[in-house]
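From just these sequences and the hints, can you work out the full model?
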Amino acid sequence: MRPGEPLPAERDLAAHLGVARMTLRRVVESLVADHRLIRRPGAGTFVAPERVDQQLSATSFSTDMRSRGMTPGAHTVWARQQPAGMMLASVLGVDPTSAVIHVRRVRTADGEPMALEDLHVPADLVPGLTGADLEDASFYQLLEARYGLTISAGTQTIEPHLVTADEAEQLHTTAGSPAFLFERTSRVADGQVAEFVRSVYRGDRYRILVDLFPAASGGRP
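In terms of the UniProt record's numbering, the sequence shown opens at residue 1 and continues consecutively.
None of these hints come from the bench; they were simulated from the model.
Errors might be hidden in some of the hints.
Using C-beta positions, here's what the derived DEER-type ranges look like [unchecked claim]:
# : residue 1 : residue 2 : range
1 : Ser30     : Ala145    : 47 to 53 angstroms
2 : Val77     : Val47     : 37 to 43 angstroms
3 : Leu142    : Gly4      : 53 to 59 angstroms
4 : Asp166    : Met70     : 22 to 28 angstroms
None of these values were measured; they are calculated from a predicted model.
Each residue gets a CB set at the ideal place from its N, CA and C atoms; glycine is no exception.
Structure (structure tokens):
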């Protein structure tokens with residue numbers, strides 16, 4: 001069955017598979033718990049969308065989605081300029097009074113919300129940048145095309161997260177549902193920090209994929 005398709009009635013599906021309804025019910029419960037099936041009150045049980053494997057690399061969201069045959073998108077919720085403050089100043093390597101561009105976007109794949117992103121960029125690095133510039137656009141591509149800067153390295157952390165009510169509204173999911181919290185600091189070739197990004201990725205649409213190699217060999221087995 002394809003993602004989004006409803007399951008047949010329990011009686012019909014049990015008869016088709018040749019199993020007892022109680023056995024089928026336990027299997028369905030297990031698949032719902034594993035996010036392979038989705039229950040919608042008053043509508044039935046449906047095949048869940050496939051999860052996207054998130055590899056840990058410096059690839060942009062747009063490039064990542066295109067590599068999977070999906071169409072990336074971005075909706076700018078708001079954009080504003082603000083003083084860095086102590087926390088952002090420490091991360092971005094700027095003075096606390098320096099101006100920072102803060103853009104909140106909903107990142108989509110094939111039109112479906114996948115992540116809520118808060119992007120922070122030193123204002124003097126991207127003069128003239130507006131939220132409209134990042135509507136359905138890749139920040140990395142814009143950074144290179146308009147400002148001649150290329151992301152060369154970065155640091156990323158990942159931790160479990162429960163979606164807040166505000167995040168749930170933007171991501172079209174429910175408050176309290178599991179998610180991944182990504183925090184990324186990226187640098188350009190001269191070592192200057194170009195961005196600090198905080199992104200909440202839907203846990204029902206993402207899983208983390210890591211390639212592992214023996215530490216001693218430094219290469220593939």
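| task | Starting from the range 37 to 43 angstroms, see whether the pair Val77 and Val47 falls in it by beta-carbon distance. | result | violated, 30 angstroms
| field | Outcome of range test on Cβ distance (Asp166, Met70; 22 to 28 angstroms) | value | holds, 26 angstroms
| said: Please check whether Ser30 and Ala145 have a Cβ separation lying inside 47 to 53 angstroms. | reply: Taking Cβ atoms as reference, Ser30 and Ala145 lie about 48 angstroms apart, which means the hint holds.
| said: Does the beta carbon distance between Leu142 and Gly4 stay inside 53 to 59 angstroms, or does it fall outside? | reply: violated, 33 angstroms
The structure does not agree with the numbered hints 2 and 3 stated previously, though it agrees with the rest.
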